[in-house]
Structures are given as structure tokens and as C-alpha cells.
Amino acid sequence: MKRGLIYIVPVALGIAVLLFWEWAVAQWNVPRFVLPAPSAIARSFVDDRAQLAAATWTTFRIVIEAFVLALVTGVALAILFAQSRVVELALYPYAVILQVTPIVALAPLIIIWVGYEHIDKALLILAWIVAFFPILANTTLGLRSADRNLIDLFRLYGASRWQILWKLQLPGALPYLLGAMKISGGLALIGAVVAEFAAGTGTATGLGWTITEAGNRLHIETMFAALAILSVLGVAIFFLLSALEWALLHRWHESAISRQD
Amino acid sequence: MTSLVSLHNISKTFDSGTQAIAALDLDVRAGEFLSLVGPSGCGKSTALRIIADLIAPTTGSVAWRNGKPENGFVFQEPTLMPWRSALDNTRLPLELKGVARGDAEARSRQALARVGLGEFEKAYPRELSGGMKMRVSIARAIAAEPKLLLMDEPFAALDELTRQSLNDDLLKLAREDGITVIFVTHSVYESAYLSDRVVVMTPRPGRVTADIAIAQPAERNAAYRLTPQFTEAAGKISAALGHAMSHAA
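Chains A and B, in that order, give the protein sequences.
For what it's worth, numbering that gives the first Met the number 0 labels the leading residue of the first sequence as 0, then goes sequentially.
For what it's worth, numbering that gives the first Met the number 0 labels the leading residue of the second sequence as 0, then goes sequentially.
Everything labelled a hint here was simulated from the structure, so no lab data went into it.
We put the CB at the ideal spot given by N, CA and C, even for glycine.
Treat the hints loosely; a few may be bogus.
What follows is a set of in silico ranges between Cβ atoms, one per label pair, in the way DEER data are often shown [to be verified]:
#1 B:Thr17 with A:Gln98: 32 to 40 Å
#2 A:Ser83 with B:Asn65: 37 to 45 Å
#3 A:Gln82 with B:Thr58: 25 to 33 Å
#4 B:Glu218 with A:Ser254: 43 to 51 Å
#5 B:Gly129 with A:Ser254: 19 to 27 Å
#6 A:Trp112 with B:Asp52: 49 to 57 Å
#7 A:Val95 with B:Asp26: 33 to 41 Å
#8 A:Gln98 with B:Asn65: 51 to 59 Å
Using 27 Å as the maximum straight-line C-alpha spacing, the simulated DSSO-like pairs for lysine-lysine come out as follows [to be verified]:
#9 B:Lys171 with B:Lys121
#10 B:Lys146 with B:Lys171
#11 B:Lys171 with B:Lys67
#12 A:Lys166 with A:Lys181
#13 A:Lys181 with A:Lys120
#14 B:Lys67 with B:Lys146
#15 A:Lys166 with B:Lys67
#16 B:Lys171 with A:Lys166
#17 B:Lys96 with A:Lys181
#18 B:Lys67 with B:Lys96
#19 A:Lys166 with B:Lys121
#20 B:Lys96 with B:Lys121
From the derived model, a few chain B residues whose C-beta atoms are all more than 10 Å from chain A [as the list claims (entries may be wrong)]:
#21 Ser2
#22 Leu6
#23 Pro38
#24 Ser39
#25 Phe72
#26 Arg83
#27 Leu91
#28 Arg106
#29 Asp210
#30 Asn220
#31 Glu231
#32 Gly234
#33 Ser237
#34 Met244
Build the full structure now, drawing on both the sequences and the hints.
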């Protein structure tokens, strides 16, 4: 009963809002270039399906590539930081500078450097910059948080640096990394779309471009359709990463203990 | 009894400038159960870590009679890896020393059974009570078959009943395996119950102020805690500790 309500209540509310929206647009004759009815948006999904599918694929591919790249480089650099304080001291300030510089301000420069003919590479780099830092910062913290006594125990039994990293520091950093991945997954999507806005028109054909383009032509229903797809993408990424977190942590981590125990 | 390890004129000053130990001389005999008793911060833990070669002394030397043997270490906290089951935690020392997995698991299973956790090998630390986690920690130490077991206030965080039961189990394990134990504790009664010899240390910087031999009966149990011999031993340790404290003040 209670479990069912968790799904029934929000879905019922959503349907009610859509019905009211449909009714209100017809009742007050709202022009479709101000607010299209849900049925018009649904029609756009059907009519523009080829364009929307291609745009979704383009954006999705950049998000996944940027996310995987951020994961690999973030973890690799965090491992390097955990091994060498000098490397961390030298590089960390620059990672912070890269992080705090607004991506919109950085985008034109990156696009010029990479070139409009490789716009998808530029978008990838921009989405990567946004997604990279949480992984680096959290994983570094996680690797440094290993129990001092456990490190002593490893050393007592003659463990190598590599064994301490692999068997102690990395598993201990996993909850930190998984938390960062949920943030970075969302940020990669935001980064990809914002970078497309910054690129303006041109060869970019993802969902960001679709929204700009549809807006210019006052195809508001297409804008809504692209927005809906972006939301679904974002939610899907979050759920997938939450599921991964649960799968890896639920046996042992405090965060996964149910309150009923 | 022959000497296992001797500390000569050991002192330790940390980078912060704190002097933990000054001029510590200690001779540990093979097969004895030795307790280090002293107030907080008297350098007992530091001494253990110096013996285990986890930190280097500022001055002085550690001399092993027949080379450094296999050491085991048990901390005040259970110090288990939460992502590993009891068996996989117990297996760690053998794994790090390169023992084949099948062999290591068999020996770890045996060690868990000896501390009374034979049925909990698949349990994760968060599913175990404080006393059970400490038992896993002890199983991990004995699985590697140490000659010397270093214990840093291992039972301080446990309730009295659990503590007494672990005291008895520890005595049995140490005797069966012929393990020399150096046991750091705050508790006068715990040291009186467990030890063949109690070394009392002064407040920081720590040095030895009293060395008390205790003639233990063959069998120790709850009734022994009520005998005059036990009370007398505890009284001696308590007096030496009081003496050490008054001189510091």
C-alpha cells in the first residue's frame, strides 16, 4: 500500500497537470508559440522523430564519452595525487582554476582551438572539463581517508605501495567515487548542452542545438520535446548510477543500511 | 626464559616536539605474557609501534635475539576492512605474504573457528557486534602464526563481560600456540589477570618505573578474580602506578 503510493501519487499529479494544461490552452486560446498544448508537443515527438532521435544520439554520445573520460582521468590523477604530495601541490591549483572558470566563458576559446570542423571534439572537451573535477576531488579525498591503523597493518605484513593502493585505498575510496559519479553524470549532460549553446549554429546537431534552432523558428513544441528528452536523459543517468552504487555498496557500506534494522 | 627482544635506551620525540618516550629499557622474554601499564600518553603505544618497526626510535636500539620473528598486531579498534567478509579480513596477512588462496582460506577458517566465529565467516563487519569484530581482529593476527603478538589496548572499548571472555580466550590461544604477548592496557585488573609480568611506565615521557612478576596459577577463571593472590597482584600494580603518577605531578 505505502510502496504503491510512492509511484501513484506523483504520476496522478503529473497526469492531472497535463490534463489541466491541455484544457487551459484550449479554453483561453493560448497561442502555440507561447505555450503549446501537451498534445501538440506529443505530435512534435512524432513529426520530428528523425531529427530528435539524431540529436538525442549526438548529445548522448558526447555525454557518455565525456563521463567515461572524466572517470578515467579523474581517478588516474587522484591516484597520482595520493602517491605523490609534490604532484598534488603542483597540479591541484590548476585543476581548481579549470573548475571555477565558467564553462560558457571557456567554450569560445576551446571551440576556436579545436576548430568548427571538429565541433564534437570541442563539445567533448567542454563536457569533460565540467564532469572531471568532482571525480578528482572526491577520489583524492577517498584515497587519503584510509584507516591509518590498516595502513600500518598492511606495512607490518610487508605490503607494497601497489597492494596498499589496490586492496585498501581504492576499495575505501569507492563510496566517495560513486557519490562523485552521480554528480559528474549530471554535470556531463549540462556541460554538453551548454557547450552546444556556446557553439551556436554550425555542425553541432545535438539537443542543445535543437532547442536553439527550434526557438529561432518559434517551434516551441519542439523545444518542449527536446527539453523533455534532456530531463529523461538526466534522470536515467542518475538512476543508473544510483543502481550501480547500490550494487557495489549495499553489502557493506553504512549508507545502505536500512533504518528498520 | 631466554630473551626474545631487548629495547636499549629507546627514546622517541615526534616532529611536533612531543617526547613520548625517554630512555626506555625493556627486555621481553620468549613465551611470556607481558603487560605495559601506565597513564594515557605515556608512550605505551609508541613503544609497541617501535617494536613492530612501524616507526623508528629517535635514539636507542631494538635487538632481536634470533632475528625479527613473525609479528601480529591488534589495535584498540577492530580495524577491519568493511568491504570484506570476516573470512576475507582474516585472510589478509596470508594474502599479503603470498600464501596461495586455498591454503590461506583454510587457515583463516581454522583461526575464525578458534575464536568462536566459525559460523560467521561470510558476515561483514557491520553485521557483527563489537566483541565479535575484535574476535575477527584476533583471528586475523593468529592466522599468520605470529611468534610475538603486540596488542594496543585491544579490549578497552568493550563491556566488562565481553572483555573477561576475550581475556580467557586470548590466554588459551597464546598458550596453545606458544605466542609471546606484549599487551598495553590502562586496566590494573586486566593486567593482573593476564600477565606473567607487568611493567609500569611513568607519565610522558615514558620510562619503566616498576617491573612486577606475577606467579599465575595453572588455571585462571572467574573464581580466580576473587582470590587473595589476585587481589594482592592487582594491589602491587596499583601501588606502583600510583607511585609513578605522584612523581610526575
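Comparing the hints with the structure gives:
At about 38 Å, the CB distance of B:Thr17 to A:Gln98 agrees with the hint of 32 to 40 Å. A beta carbon spacing of about 39 Å between A:Ser83 and B:Asn65 agrees with the range 37 to 45 Å that was offered as a hint. Range check, A:Gln82 to B:Thr58: Cβ separation about 31 Å, and the 25 to 33 Å hint holds. Separation of B:Glu218 from A:Ser254 is about 47 Å and conforms to the stated range, judged on CB atoms against 43 to 51 Å.
Separated by about 21 Å at the C-beta atoms, B:Gly129 and A:Ser254 satisfy the suggested range of 19 to 27 Å. Evaluation of the 49 to 57 Å hint for A:Trp112 and B:Asp52 yields a pass: the beta carbon distance comes to about 54 Å. The supplied range of 33 to 41 Å is broken by A:Val95 and B:Asp26, whose beta-carbon atoms lie about 54 Å from each other. For the pair A:Gln98 and B:Asn65, the supplied restraint of 51 to 59 Å holds, since their beta-carbon distance comes to about 57 Å.
For the given pair, B:Lys171 sits about 25 Å from B:Lys121 by alpha-carbon distance, which is consistent with the 27 Å threshold. The hinted pair formed by B:Lys146 and B:Lys171 meets the criterion: a straight-line CA distance of about 15 Å does not exceed 27 Å. Between B:Lys171 and B:Lys67, the direct Cα distance comes to roughly 24 Å. Compliance with the 27 Å bound is thereby established for this hinted pair. The suggested pairing of A:Lys166 with A:Lys181 holds, with an alpha-carbon distance near 24 Å, which does not exceed 27 Å.
Note on A:Lys181 and A:Lys120: the hinted pairing holds, with a Cα-Cα distance of about 23 Å set against a maximum of 27 Å. Restraint check for B:Lys67 and B:Lys146: the C-alpha separation of about 9 Å stays at or below 27 Å, so the hint holds. A hinted pair counts as satisfied when its Cα atoms are at most 27 Å apart, and A:Lys166 with B:Lys67 qualifies at roughly 26 Å. Using a Cα cut-off of 27 Å, the hinted pair B:Lys171 and A:Lys166 is violated, with the two alpha carbons roughly 32 Å apart.
For the proposed pair B:Lys96 and A:Lys181, the alpha carbon gap of about 37 Å is over 27 Å, so the pair is violated. Between the alpha carbons of B:Lys67 and B:Lys96 the distance comes to roughly 16 Å, so the proposed pair stays at or under 27 Å and holds. For the hint pairing A:Lys166 with B:Lys121, the CA-to-CA distance comes to about 18 Å; that is within 27 Å, so the pair holds. Of the supplied pair hints, the one linking B:Lys96 and B:Lys121 holds, its CA atoms being roughly 22 Å apart against a limit of 27 Å.
Separation of B:Ser2 from chain A is adequate, the least Cβ-Cβ distance of about 22 Å exceeding the 10 Å criterion. Remark: the non-interface label on B:Leu6 is consistent with the geometry, its nearest Cβ contact in chain A lying 18 Å away (cut-off 10 Å). Distance to chain A confirms B:Pro38 as a non-interface residue, since its nearest Cβ pair spans about 22 Å, more than 10 Å. The Cβ of B:Ser39 sits about 18 Å from the closest Cβ of chain A, beyond the 10 Å cut-off, so the non-interface label holds.
The claim that B:Phe72 lies off the interface is violated: its Cβ sits roughly 6 Å from the closest Cβ of chain A, which falls inside the 10 Å cut-off. For B:Arg83, the shortest C-beta to C-beta distance to chain A comes to about 8 Å, within the 10 Å cut-off, and the non-interface label is violated. Taking the minimum C-beta to C-beta distance to chain A, about 7 Å, the non-interface status of B:Leu91 is violated against the 10 Å cut. Distance to chain A confirms B:Arg106 as a non-interface residue, since its nearest Cβ pair spans about 14 Å, more than 10 Å.
Remark: the non-interface label on B:Asp210 is consistent with the geometry, its nearest Cβ contact in chain A lying 27 Å away (cut-off 10 Å). With a least beta-carbon separation of about 32 Å from chain A, B:Asn220 lies farther than 10 Å from that chain, consistent with its non-interface assignment. Here B:Glu231 stays apart from chain A, with its beta-carbon at least about 36 Å from theirs, past the 10 Å limit. Non-interface status of B:Gly234 relative to chain A is upheld: no Cβ of that chain comes within 10 Å, the nearest being about 34 Å off.
The claim that B:Ser237 is not at the interface with chain A holds, since no C-beta of that chain comes within 10 Å of its own (minimum 30 Å). No Cβ of chain A approaches the Cβ of B:Met244 within 10 Å, the least distance being about 28 Å, so the stated non-interface status holds.
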